[in-house]
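K.L.:
Please construct the entire structure, taking both the sequences and the accompanying hints into account.
Chains A and B, in that order, give the protein sequences. Under the working numbering, read the first sequence as residues 1 to 115, first letter to last. Under the working numbering, read the second sequence as residues 1001 to 1113, first letter to last.
Take every hint as true, because none was put in to throw you off.
In silico lysine-lysine, BS3-like type, Cα no more than 30 Å apart, as pairs:
#1 B:K1040 - A:K49
#2 A:K49 - B:K1036
#3 B:K1036 - A:K58
#4 A:K49 - B:K1041
#5 B:K1041 - A:K69
Calculated directly from the structure, the hints in this document are not laboratory data.
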Amino acid sequence: AQSVTQLGSHVSVSEGALVLLRCNYSSSVPPYLFWYVQYPNQGLQLLLKYTSAATLVKGINGFEAEFKKSETSFHLTKPSAHMSDAAEYFCAVSDRRGATNKLIFGTGTLLAVQP
Amino acid sequence: ETGVTQTPRHLVMGMTNKKSLKCEQHLGHNAMYWYKQSAKKPLELMFVYNFKEQTENNSVPSRFSPECPNSSHLFLHLHTLQPEDSALYLCASSHGRDRAGYTFGSGTRLTVV
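P.N.:
See the structure below:
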């Protein structure tokens, strides 16, 4: 069965520092992987996705993620954190069995950005 | 605006009330989903509809009753809820089996008193 594990429920960085949010996946088929961001009292917004093309994926707001099959990882990075990046981030894997691409989400990582 | 509209944004209801949550999308998607997001818990998939047909019910209590009259509208009818049902209820839509992922609505913050 497909699953994702996000290491670290809370991550704190200083403004301007590197952001690294970790995600490891488990999938019985080549996975589709996603990162979503959620701001307070909002729904989830797609940041980026991997669907078996380039392994380095660039998303919105300067974020990118690299698919590493050997490590079963899909970590999210941003070279320089901004205060507006403070939010909760969710990694997800697509369960491609059945008629719909059902998304299985991780438990989320809350990113705090310190001035 | 994300393309998926949920109403109301906030709802407070008593345990004996009956209310409904509404979700609407005009993105041309054929699949729609209800998720429950509670504090300190992972997102829980509740129901999946594909071309108006329910394809998944993740052992959701019968006090939650979904309805999908067409591919653009999804409802969640609520009755006799419990305080532990208080949560953010998120609706999402997608093209089904394509690679684009979901588009989420902003959610309905439900408080059961």
